[in-house]
Amino acid sequence: MQDLFNHLIGEPLSFPFMQHALLAVILIGIVAGVVGSYIVVRGMAFFADALAHAVLPGVAIAYLSGGINGPLLQGAFVMGGLSALVIGLLTRGGKLKEDTAIGIVFTTMLALGIGIMSIGGSRAVDLNHVLIGNILAIGDGDLAVIVVAGGVVLLLVAVFYKELLLNAFDPALAQALQLPGEGLRYLLLLMMALTIVISLQAVGVVLIAALLVTPAAAALLLTRRLHSMMLVAALIGAGGGVLGLFFSWHLNVAPSAAIVVTISLLFLVIFLLAPQRGLLWAHRQRSSANSQPE
Amino acid sequence: MSLAFNLSTRAKVPTTSDECQPDESADQALAALDVRDLSAGYNGDLALEGIAFAVQRGERIALVGPNGAGKSTLLKTLIGLLKPARGEIRIHGDASRQAISAHVAYVPQFGEIDWDFPVSVWDVVMMGRTRHIGWFRLPLPGGRHALAVQQALDRVGLLPYANRPINELSGGQKRRVFVARALAQQADILLLDEPFAGVDARAQDALMKVLDSLQCDGVTVILATHDLSLASSQFDRVLLLNRTMVAYGRPAEVFSAELLAQTYGGQLAILGSEGRVIVVADQHE
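As they're listed, the protein sequences go chains V and A.
Going letter by letter, the first sequence gives residues 1 to 294 in my numbering.
Going letter by letter, the second sequence gives residues 295 to 579 in my numbering.
Any given hint could turn out to be false.
[Stated by the list, open to error] Simulated restraints, written as ranges between beta carbons of each label pair: (1) A:Asp410 - V:Leu4: 37 to 47 Å; (2) A:Gly338 - V:Gly151: 42 to 52 Å; (3) A:Asp410 - V:Ser264: 32 to 42 Å; (4) V:Leu96 - A:Arg391: 44 to 54 Å; (5) A:Gln392 - V:Ile104: 33 to 43 Å; (6) V:Ser228 - A:Leu453: 14 to 24 Å; (7) A:Arg438 - V:Gln178: 40 to 50 Å; (8) V:Met1 - A:Pro454: 29 to 39 Å; (9) A:Gly451 - V:Arg277: 21 to 31 Å; (10) V:Gly93 - A:Ser390: 56 to 66 Å; (11) V:Arg277 - A:Pro454: 40 to 50 Å; (12) V:Leu96 - A:Ala379: 23 to 33 Å.
[Claimed, not checked] Partial chain A-side listing against chain V, Cβ under 10 Å, derived: (13) Leu375; (14) Phe404; (15) Val418; (16) Arg425; (17) Ile427; (18) Arg475.
To be clear, the hints were calculated from the coordinates, so they are not data collected in a lab.
This structure is a prediction, so every number in the text was calculated from the model and none was measured.
By construction, the Cβ of each residue, glycine as well, lies at the ideal position given by its N, Cα and C atoms.
Just chain V, same shape as in the assembly (with noise of 0.2 Å):
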């Protein structure tokens, strides 16, 4: 018993970067299931994805600028701030379809993105680490970045309570209540990119929307508010986090595929047995109802 926990658990540990690792996938796993759970109520899975991606150039010219030390978070930070604006731009005023400006500007970004990579040469074989992550290089530094950007994010979750839930599922009454609609949605769009500027050296920009969006879609098939649905999102994205972490160990398989797919595996089963919501759960209903008319 003692031999197998220390296999399965206590060898792996015993190395400071999987002691990083570790403590990254929980600390970004209950970041990304809170913000997820507006991003998933709200519908802007699409828009969240997006954004990951956008934030390319900004990490490719602050790796060009100092390599692996660079400015990377700052760099993501500013790009995916300025990809939101030019989205909201695009789409006053009926110009563009949200979804239409979404795929514009995400697609031009990614673009961009990879060409500044490309210059850099013998560097660029480096740009597979910004889109599919590198949970096992995490350092001090990093890890004291995600937990100021993480904290901050669930500072203003708590503070903007409220105001951010009204905001998401009636804005005409926020409108008309004159709560400031549009500082609420900048104040959703900064939290979305803190944390996928925390989440980028976990799973890369290409896998960054599966930790925003599925655990907080498990979460809503099990709970009944928001704020539950927050705590189990939160729960369900750090639980996958660590589980996948382990698996990629002992199955020797990429950390950030091994993380998403366990955390999908957790969302169909869930999906298939959640009281009430589950897919099973409406099968059975049925089947007793027809086995036993009233």
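Fit chain A to the known structure of chain V by using the hints.
Leaving out everything else, chain A in the frame of chain V:
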């Protein structure tokens, strides 16, 4: 689908407001809502032009017109979601935007709400308290905001359902949640956008009873509806709308063959005889 019904314009229709004593202390000269030369629309296209009417405190007004007549646009302008292109809205004599948020509440059309959103009945009604609570605070359990929510829910008969998720309510209950939210806002002017669309007669009755009790408290109600017979029997005044204001007055005055034809154009067949009007309306919903 067509709908036929009788409108009696000769017999005195008993309105529920007769059961309440009018508030004599109120300043009768100052209308609860005074709309002057109002025009409004989206992106420069005017959906409404030259609307002018006044509503006294505690009156119940039916807003009647075909689809696309601008009923929702008018309500959205009155609640401050749309800026008037011209004209002004005075609430108890006050034309400021603050007067609207302080006095007017809105029950949106059924389809405008995401009923699968993870909120409870309690959560939705508490949203009406957002401004009273203020920034950087959350309502305390058992505090005055919780009490206001509890009273509002009790008023519409939904207190036993406070902890239900909103998507587990019946159609009629769903409408009443938003009336409770308006009550929690402590608004004295209530705008409802087609609350009876898609509910059965019993649910309609339950909601009408709530509106009756509000009227006794001096709450002014403006309600958009397609139900002409309800508008003629249960409302103090009717506003006939089709981009402009066709008529505004007592049901007996405005439900004439001529004015209805003007309001509905070709969408309505009217058979008149001996002061009775029979209306056959095209309903496309």
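Structure-based check of all given hints:
1. A:Asp410 - V:Leu4: 37 to 47 Å: Holds - the Cβ-Cβ distance for Asp410 of chain A and Leu4 of chain V, about 44 Å, lies within 37 to 47 Å.
2. A:Gly338 - V:Gly151: 42 to 52 Å: holds (46 Å)
3. A:Asp410 - V:Ser264: 32 to 42 Å: With a Cβ separation near 22 Å, Asp410 of chain A and Ser264 of chain V fall outside 32 to 42 Å, so the hint is violated.
4. V:Leu96 - A:Arg391: 44 to 54 Å: With a Cβ separation near 30 Å, Leu96 of chain V and Arg391 of chain A fall outside 44 to 54 Å, so the hint is violated.
5. A:Gln392 - V:Ile104: 33 to 43 Å: This hint holds: roughly 40 Å between Cβ atoms.
6. V:Ser228 - A:Leu453: 14 to 24 Å: holds (22 Å)
7. A:Arg438 - V:Gln178: 40 to 50 Å: violated (22 Å)
8. V:Met1 - A:Pro454: 29 to 39 Å: Taking Cβ atoms as reference, Met1 of chain V and Pro454 of chain A lie about 51 Å apart, which means the hint is violated.
9. A:Gly451 - V:Arg277: 21 to 31 Å: holds (28 Å)
10. V:Gly93 - A:Ser390: 56 to 66 Å: violated (26 Å)
11. V:Arg277 - A:Pro454: 40 to 50 Å: violated (23 Å)
12. V:Leu96 - A:Ala379: 23 to 33 Å: holds (25 Å)
13. Leu375: holds (6 Å)
14. Phe404: This hint is violated: Phe404 of chain A lies away from chain V, its Cβ roughly 13 Å from the closest one there, beyond 10 Å.
15. Val418: holds (7 Å)
16. Arg425: Hint holds; Arg425 of chain A Cβ to chain V Cβ min 5 Å, cut 10 Å.
17. Ile427: Holds - the Cβ of Ile427 of chain A comes within 10 Å of chain V, reaching about 7 Å at its closest.
18. Arg475: holds (8 Å)
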